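Asker: We have chain A; now place chain B onto it with these hints.
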Amino acid sequence: MKFDFVDLFAVISAFIGAGIATVEIISIWKKKKELREAEKRRKMEVEVMNSLDKTGYSSIKNATFWLEHERQRNQGDHYEDESVYLNRAKTIREKTPLFSYINTNYSLS
Amino acid sequence: MSMEGGEVLINPEEKDIKKRFETLVKLYEEQFCLGIEEKHRDSFFLSKELLHCAVTAYFDDIYKYKAYAGSKYADRHKQAAYTIIWISRFHPIQIKPEAKISTTVLTINEAFALYAGFMFLDPAVISKLQGSFYQHLIYTLVYRELPAKGWATLIYLMETGAMKGVQF
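Protein sequence lines, in the order shown, are assigned to chains A and B. Mapped onto my numbering, the consecutive letters of the first sequence carry residue numbers 1 to 109. Mapped onto my numbering, the consecutive letters of the second sequence carry residue numbers 1001 to 1168.
These are computed hints drawn from the structure, not numbers from a lab. Bear in mind the structure is a predicted one, so any value in this text is a computation, not a measurement. Every residue gets a Cβ at the ideal spot worked out from N, C-alpha and C, and that includes glycine. Fair warning: there could be bad hints in the mix.
With a straight-line Cα cutoff of 25 Å, these simulated SDA-like cross-link-like pairs (lysine to any residue) come out [as the list claims (entries may be wrong)]: (1) B:K1149 to A:W66; (2) A:K95 to B:F1133; (3) B:K1072 to B:G1150.
So the derived label-pair ranges between C-beta atoms look like this [stated by the list, open to error]: (4) B:L1034 to A:H69: 41 to 47 Å; (5) A:I60 to B:S1047: 51 to 57 Å; (6) B:E1029 to A:L67: 43 to 49 Å; (7) A:I60 to B:V1166: 35 to 41 Å; (8) A:H69 to B:E1029: 38 to 44 Å; (9) B:E1030 to A:Y57: 53 to 59 Å; (10) A:T104 to B:C1053: 27 to 33 Å; (11) B:C1053 to A:Y106: 28 to 34 Å.
Partial list, computed: chain B residues near chain A (C-beta under 7 Å) [stated by the list, open to error]: (12) L1027; (13) A1074; (14) R1076; (15) S1102; (16) T1103; (17) F1118; (18) G1131.
Here chain A stands alone, though its shape is the one from the complex (with noise of 0.2 Å):
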């Protein structure tokens, strides 16, 4: 059997098509890869969307007032007059042990 020129240039060009074929292929697969990724980030994109609206700003206005506002809850008393503090301190002088404690004196025998 006789191997020609012509034999030979059919044999290349069926492994150059086959090389095209493989390259078409894998592209349109990468590609279809891509549509398919998008597509399913578009559906989360949606499902978020989705539940933001469910949820809404107000509602989360609402859900986060107790943390955000808790820190301005505490008014405190205010005495012009700060001989209130001075009676304070004397009747926990005078009523209660915080001296006998201040008084103690602690020693290694």
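Answerer: Same frame as chain A, now just chain B:
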């Protein structure tokens, strides 16, 4: 406290500082010294300068807090907490070189700091205070870095416990 441009952001009122300073001097002279046993009284003296520093630092802190929280007045737990912190930090009571040293004398600033802080609370709360807890408070002031807001929570718990009749 001011920024470079000269804009004053936190500016405690001088009259508030003066009033509280005078209250604390009176507290020391008319109440605290009277409560301390006579044998210890000659062992220390009050540095009014250091006490003034403590009061100024207290108002700086309180004003910062009020600016953050939008409060007109700080609540009593924070008043007590910041007072305790700043007096114990500045040590306005100085021990004389010839003093006869005792536990009372060595912890005199912490004792005064607690007493000054307690004047913001109902005396009924302090009536529930026990010796071991007092010692623990002194220990905490000396050895631990409990921030003022931590002290405020501790004082809140003391008050809540006392209101339910708990001795602590």
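Asker: Does each hint hold? Answer for all of them.
Answerer: The hints, checked one at a time:
1. For the proposed pair K1149 (chain B) and W66 (chain A), the alpha carbon gap of about 19 Å is at most 25 Å, so the pair holds.
2. The suggested pairing of K95 (chain A) with F1133 (chain B) holds, with an alpha-carbon distance near 18 Å, which does not exceed 25 Å.
3. Straight-line distance between C-alpha atoms of K1072 (chain B) and G1150 (chain B) comes to about 21 Å, which keeps the hinted pair within the 25 Å bound.
4. Between L1034 (chain B) and H69 (chain A) the Cβ separation comes to about 44 Å, which falls inside the hinted range of 41 to 47 Å.
5. Restraint check, I60 (chain A) to S1047 (chain B): a C-beta distance of roughly 53 Å satisfies the suggested window 51 to 57 Å.
6. One distance hint, 43 to 49 Å for the beta-carbon pair E1029 (chain B) and L67 (chain A), holds here, with the actual separation near 45 Å.
7. Distance hint check for I60 (chain A) and V1166 (chain B): the Cβ-Cβ separation is about 39 Å, which falls inside the suggested range of 35 to 41 Å.
8. Taken as a hint, the range 38 to 44 Å holds for the pair H69 (chain A) and E1029 (chain B), whose Cβ atoms sit roughly 42 Å apart.
9. Between E1030 (chain B) and Y57 (chain A) the beta carbon distance is about 58 Å. The supplied range of 53 to 59 Å therefore holds.
10. A beta carbon spacing of about 29 Å between T104 (chain A) and C1053 (chain B) agrees with the range 27 to 33 Å that was offered as a hint.
11. For C1053 (chain B) paired with Y106 (chain A), a C-beta distance near 30 Å keeps the hint of 28 to 34 Å intact.
12. Interface hint at L1027 (chain B): satisfied, since its Cβ lies 6 Å from the closest Cβ of chain A, which is below the 7 Å cut-off.
13. Using the Cβ-Cβ criterion of 7 Å, the hint placing A1074 (chain B) at the interface with chain A is satisfied: the shortest such distance is roughly 5 Å.
14. Taking 7 Å as the C-beta cut-off, the interface hint given for R1076 (chain B) holds, the closest approach to chain A being about 6 Å.
15. A cut of 7 Å between beta carbons decides the hint on S1102 (chain B): the least distance to chain A is about 5 Å, and the hint holds.
16. Proximity of T1103 (chain B) to chain A holds as hinted, the smallest CB-CB distance being about 5 Å (cut-off 7 Å).
17. Below 7 Å, beta-carbon pairs count as interface contacts, and F1118 (chain B) has one with chain A at about 6 Å; its hint therefore holds.
18. Among the interface hints, the one on G1131 (chain B) holds; its C-beta lies about 5 Å from the nearest C-beta in chain A, closer than the 7 Å criterion.
Comparing the model with each earlier hint shows no violations; every hint is respected.
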